[in-house]
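Undergrad: Following the hints, complete the assembly by docking chain B onto the known chain A.
Number of protein chains: 2
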Amino acid sequence: MNDPIVADARPPAQRVERLRIDGARLWGSLMELARIGATPKGGVCRLALTELDGRGRDLVVRWAREAGLTVRVDPIGNIFARRPGRRDELPAVMAGSHIDTQPTGGKFDGNYGVLAALEVVRTLDDAAITTEAPLEIAVWTNEEGSRFVPVMMGSGVFAGAFTLDHALAQRDAQGISVAQALHSIGYAGEAHAPALPPRAYFEAHIEQGPVLEAHGRVIGAVTGALGQRWYDLVVQGSEAHAGPTPMASRHDALLAASEIVLAVHRIALEHAPHARGTVGHVDVFPNSRNVIPGRVRLSVDLRAADDATLVQLDSALRRTVDVIAASRRVSVEVQPVVYFAPQPFAPELVDAVRAGATALGHDAMDVVSGAGHDAVYLARVAPTAMIFVPCAGGISHNEVEAAEPAHLEAGCNVLLHAMLRCAGVAA
Amino acid sequence: MNDPIVADARPPAQRVERLRIDGARLWGSLMELARIGATPKGGVCRLALTELDGRGRDLVVRWAREAGLTVRVDPIGNIFARRPGRRDELPAVMAGSHIDTQPTGGKFDGNYGVLAALEVVRTLDDAAITTEAPLEIAVWTNEEGSRFVPVMMGSGVFAGAFTLDHALAQRDAQGISVAQALHSIGYAGEAHAPALPPRAYFEAHIEQGPVLEAHGRVIGAVTGALGQRWYDLVVQGSEAHAGPTPMASRHDALLAASEIVLAVHRIALEHAPHARGTVGHVDVFPNSRNVIPGRVRLSVDLRAADDATLVQLDSALRRTVDVIAASRRVSVEVQPVVYFAPQPFAPELVDAVRAGATALGHDAMDVVSGAGHDAVYLARVAPTAMIFVPCAGGISHNEVEAAEPAHLEAGCNVLLHAMLRCAGVAA
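Chains as they are written, first to last, in this note's numbering: chain A, 484 to 910; chain B, 484 to 910.
It should be emphasised that the hints constitute simulated quantities derived from the structure, not laboratory data. Some hints could be false.
You can't tell identical chains apart in this list, so a pair holds if it fits in one copy or across any two.
No more than 25 Å apart at the CA atoms, straight line, and that leaves these computed lysine to any residue pairs for SDA-like [said to hold, decoys possible]:
id, residue 1, residue 2
1, Lys524, Ser771
2, Lys524, Pro769
3, Lys524, Leu745
4, Lys524, Ala791
5, Lys524, Phe768
6, Lys524, Gln795
Extracted from the complex, chain A is given alone in its bound form:
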């Protein structure tokens, strides 16, 4: 396959240019899927490989079959729904995401990417359009990682980030393995993953951040995903009574930890605009009101768009921690625990997203993905891009997660046209 990915050589017919998805149908499907695991506060709790996840999968599979797609399930439970192309031997143009949610998740995270891909297929069916390359809708298993780690499990296996056996052997808090859970909901598939990696992979997703909304933009052309370095830090001071211990005699682990929290924030600010630095987890010991904390465990999450910046963040963190430890007379252990490389997306596909947006009258904004997505793993094996649409207040992983129907529709139209550019329309 030596063709360029984006088949711009063949200008689409006017009929294709004017093609639009059905926003109401997309919204209706989103709302119907959101009923499975609906929470009282308007969110969704559909943890990976639970009975509810099984029911959600069944619904999506039924819709896919109703759209004439061929459904296969691979051994980690990824679902592939295929629409043949005129040249069906070509690698597919794939789009998808996940339908598992956080425990107090929303209706759109993941679900939007899957149902937008389905809506693209339905739209092509309505218009009786055949693509040159086949299309595939992918539903990746356990993106959220709330019940089983690692996160992005299905796409990780697909991309070879870890092995199938490793993933199948993971257990939830009750000791149930991924393999057992897949069997019990009937999604321990036997199909091989597509023999060839996809020709292109697109993922439409709510932004889960506030940038598009803050700029009044509807379409984000995602240029890549931030690299991530996660650390566990242990600050060791000396536990002592809050009353009898003079201020100057203290080895207060929490004072040092507090300076580290502020330093992590400052270091990220110094590497604007894309660097991020967050302390999200803090455990204080003994955590008693009148005892000077002797030990604090905290997490540090550093992110940047390129590895050079990640390295700078890493050295700044270590340097600063050393200074704080010395001045506060405590010791600090810095343990790296996770590294995700920065993942640029395929420039041709990002261009296809921009072009699709422009054709639809939207001025796409270049953004980076700060969070992990299945697309980040897919980008290791196939040209990949993402399309972001705004979500209210940037809030996600939350029952109040909300998105405008018009924005979801616009993103889906961009997906449609980006996919058509890659797959080509049969004459």
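TA: Same frame as chain A, but now just chain B:
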């Protein structure tokens, strides 16, 4: 009783001046009592009103009776062991402390004060010395508050800080009331507390802080106890994803909380030497590595030797919190939860401690008690003073709590002579 408390008018006979307690006997009693509830790491776990506390009390009562003392138990379980005076109608000179411990407590906290008082009596018996005023050893119920709150329960009832009924009604985590627990170990006494408040109350105690050790001093003359103001703070920001949320868009509750931790420390330093400021307890929500904390609960513990300083600390805290809340774009609720007034001790008795130390060749160091003690409640109803001796590294409420036999002996000798100065020696 219009006599001065300290009966310096009658110069003690040389025999009395040379009187010394038996350090080995004191140490032996401490070690024997520490066997009841001994922990593998060399500490003691003898929570208030447990069966082990009952056995500890039985041992102390047996020793008291063997020393010829009359033992009474009041309705909150305080034990009073009385040695008659020549003028037995006088209010007693009392000394004591508590024998309940923290869950991972040491051998000396509390126990020293009780057994030092017992050793004083044994020494007087050996020397066949009668005092003018009677002596009382007090063993106060539930000073630690580990099983039942409020802390300093027995001395609190004795001093009228709260009612007997309130104390008896308190329940532990298993729902057992103080009244039930007292009955089950046989220490629900019926004796009335002494009709008159004591003529003087002394409490010998390990310092539980590092000051004496740092200054190479053996005897601390405690001039009073710090006042305390405790607060619960809730910082409310906005929970958001660590990845997609730009640094400048955040409402990070933990950043604000970290600034508050540092501010509490700084405010206390600015009111040196006696002010203390500690954040000991922090809970972060949702406490997830890759989520910007939306809410943090933290405690603040402010202490000072006088109320004017406590008021300054309080205003400085509130002022600083307001500035931090505004600059970090979060809200902070400040809820006062506890107020203990600063408690100066009786100057005459503190002088008696200093004089006792000097007579024994020790240069007493004036110190303040940063922690609460039974003596702090006693000081509300009787002239009171405390004698501190060093403990290793200032460590207490810990199984590794340690004190030098020579220091314990010295403190007990100071107690002996301070008590004799107050009680007077019968000619």
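Undergrad: Hints first: check each against the structure and report whether it holds.
TA: Verification of the hints:
Within a single copy, lysine 524 and serine 771 get their C-alpha atoms only as close as 34 Å, which misses the 25 Å cut-off; across copies the closest is 22 Å, which meets it. Taking identical chains as interchangeable, the C-alpha atoms of lysine 524 and proline 769 lie at most 25 Å apart only when they sit on different chains, with a minimum of 18 Å there against 35 Å within one chain. With identical chains, the CA atoms of lysine 524 and leucine 745 are never at most 25 Å apart, being 34 Å at best within one copy and 38 Å at best between copies. For the homomeric pair lysine 524 and alanine 791, neither the shortest alpha-carbon distance inside one copy (43 Å) nor that between copies (49 Å) is at most 25 Å.
With identical chains, the CA atoms of lysine 524 and phenylalanine 768 are at most 25 Å apart between copies only, with a shortest distance of 19 Å across copies and 35 Å within one. For the homomeric pair lysine 524 and glutamine 795, neither the shortest alpha-carbon distance inside one copy (42 Å) nor that between copies (45 Å) is at most 25 Å.
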